[in-house]
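*Asks:* Spelled out, the chains give:
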Amino acid sequence: GAVVSQHPSRVICKSGTSVKIECRSLDFQATTMFWYRQFPKQSLMLMATSNEGSKATYEQGVEKDKFLINHASLTLSTLTVTSAHPEDSSFYICSAPMDTQYFGPGTRLTVL
Amino acid sequence: GQNIDQPTEMTATEGAIVQINCTYQTSGFNGLFWYQQHAGEAPTFLSYNVLDGLEEKGRFSSFLSRSKGYSYLLLKELQMKDSASYLCAVTRFGNEKLTFGTGTRLTIIP
Numbered sequence: 001g002a003v004v005s006q007h008p009s010r011v012i013c014k015s016g017t018s019v020k021i022e023c024r025s026l027d028f029q030a031t032t033m034f035w036y037r038q039f040p041k042q043s044l045m046l047m048a049t050s051n052e053g054s055k056a057t058y059e060q061g062v063e064k065d066k067f068l069i070n071h072a073s074l075t076l077s078t079l080t081v082t083s084a085h086p087e088d089s090s091f092y093i094c095s096a097p098m099d100t101q102y103f104g105p106g107t108r109l110t111v112l
Numbered sequence: 001g002q003n004i005d006q007p008t009e010m011t012a013t014e015g016a017i018v019q020i021n022c023t024y025q026t027s028g029f030n031g032l033f034w035y036q037q038h039a040g041e042a043p044t045f046l047s048y049n050v051l052d053g054l055e056e057k058g059r060f061s062s063f064l065s066r067s068k069g070y071s072y073l074l075l076k077e078l079q080m081k082d083s084a085s086y087l088c089a090v091t092r093f094g095n096e097k098l099t100f101g102t103g104t105r106l107t108i109i110p
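In order, the protein sequences belong to chains R and C.
Numbering follows the numbering used here, with no gaps: position 75 of the first sequence is 75.
Numbering follows the numbering used here, with no gaps: position 43 of the second sequence is 43.
It is worth saying that the hints were derived from the structure and are not from the lab.
Bear in mind the structure is a predicted one, so any value in this text is a computation, not a measurement.
Where is the CB? At the ideal position from N, CA and C, for every residue including glycine.
Mixed in with the good hints there might be a few duds.
Computed far set for chain R versus chain C, every beta-carbon distance over 12 Å [unchecked claim]:
hint: 1; residue: Ser15
hint: 2; residue: Leu74
hint: 3; residue: Thr75
hint: 4; residue: Leu76
Which residues of chain R face chain C? A partial, calculated answer using Cβ under 10 Å [claimed, not checked]:
hint: 5; residue: Tyr36
hint: 6; residue: Gln38
hint: 7; residue: Gln42
hint: 8; residue: Leu44
hint: 9; residue: Thr57
hint: 10; residue: Ser95
hint: 11; residue: Tyr102
Heads up, simulated EDC-like pairs for lysine to aspartate or glutamate below, C-alpha to C-alpha not over 20 Å straight-line [stated by the list, open to error]:
hint: 12; chain 1: C; residue 1: Lys97; chain 2: R; residue 2: Glu87
hint: 13; chain 1: R; residue 1: Lys41; chain 2: C; residue 2: Glu9
hint: 14; chain 1: R; residue 1: Lys55; chain 2: C; residue 2: Glu96
hint: 15; chain 1: R; residue 1: Lys64; chain 2: R; residue 2: Glu87
hint: 16; chain 1: C; residue 1: Lys57; chain 2: R; residue 2: Asp99
hint: 17; chain 1: C; residue 1: Lys97; chain 2: R; residue 2: Glu63
hint: 18; chain 1: C; residue 1: Lys76; chain 2: C; residue 2: Glu56
hint: 19; chain 1: R; residue 1: Lys14; chain 2: R; residue 2: Asp65
hint: 20; chain 1: R; residue 1: Lys41; chain 2: C; residue 2: Asp82
hint: 21; chain 1: R; residue 1: Lys41; chain 2: C; residue 2: Asp5
hint: 22; chain 1: R; residue 1: Lys41; chain 2: C; residue 2: Glu41
hint: 23; chain 1: C; residue 1: Lys97; chain 2: R; residue 2: Asp99
hint: 24; chain 1: C; residue 1: Lys97; chain 2: R; residue 2: Glu59
Please put together the full structure from these sequences, using the hints given.
*Replies:* Quick look at the structure:
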């Protein structure tokens, strides 16, 4: 099946810094990718839809200026958490659709 | 809006059968997915239903009733490795994005 990678898998940062997470579709092209956030013992919550060549579409309640999304190519989308705070600590997962949604392995962000 | 509900937790015995239910309310329904997620890992695809009826795939089967807004995932011959969270998710016409249910944490006991 299709493969989606994420980098880094785990990141620890200080409060106030920015963190960039990459999502790549390795063997297929994706004009659309999705970013999810998952807090402990909770389900996945869609944050935004990343669109190649145009602006991302954010879900209600998600701050556009805090979670910057760039879909620079047909195989790469990046999520930047700006001025991270401890409450942003979470598991961030991306997905890309082909015949079904293929999920990346996730990025565990811990903000101290 | 959308409303997707699942039981929060379930426990079942190794070798037995368990059914995990999912009810949903959504306009423009265009399919329901089931995913398995082990702790700290990304979800993995289990099944997809868009028409009413039962889809069987090895030990796992999934059922959909569109008129009732209801689906279930049936796991047979349970194994310890089946301990995981099971997520149902729906899609709507004209949009590939998934909206996930609350997830069911399944624990298999010997």
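*Asks:* Please go over all the hints and tell whether each is borne out by the structure.
*Replies:* Hint check results:
1. Ser15: 23 Å, holds
2. Leu74: The assertion about R:Leu74 holds, with a minimum of 15 Å to chain C.
3. Thr75: 17 Å, holds
4. Leu76: 18 Å, holds
5. Tyr36: This interface hint holds because 8 Å falls under the 10 Å limit.
6. Gln38: With a minimum Cβ separation of about 9 Å from chain C (threshold 10 Å), the hint on R:Gln38 holds.
7. Gln42: Since the shortest Cβ distance to chain C is 7 Å, the answer is holds.
8. Leu44: 5 Å, holds
9. Thr57: 9 Å, holds
10. Ser95: 8 Å, holds
11. Tyr102: 8 Å, holds
12. C:Lys97 <-> R:Glu87: 25 Å, violated
13. R:Lys41 <-> C:Glu9: Holds: R:Lys41 and C:Glu9 sit about 11 Å apart, inside 20 Å.
14. R:Lys55 <-> C:Glu96: 17 Å, holds
15. R:Lys64 <-> R:Glu87: At roughly 16 Å apart (the allowed maximum being 20 Å), R:Glu87 and R:Lys64 satisfy the hint.
16. C:Lys57 <-> R:Asp99: Within the cut-off at roughly 17 Å; holds.
17. C:Lys97 <-> R:Glu63: 19 Å, holds
18. C:Lys76 <-> C:Glu56: 11 Å, holds
19. R:Lys14 <-> R:Asp65: 19 Å, holds
20. R:Lys41 <-> C:Asp82: 17 Å, holds
21. R:Lys41 <-> C:Asp5: The given pair, whose Cα atoms are some 15 Å apart, holds under the 20 Å limit.
22. R:Lys41 <-> C:Glu41: 12 Å, holds
23. C:Lys97 <-> R:Asp99: 13 Å, holds
24. C:Lys97 <-> R:Glu59: 11 Å, holds
Checked against the numbered hints listed earlier, the structure breaks hint 12 alone; every other hint is satisfied.
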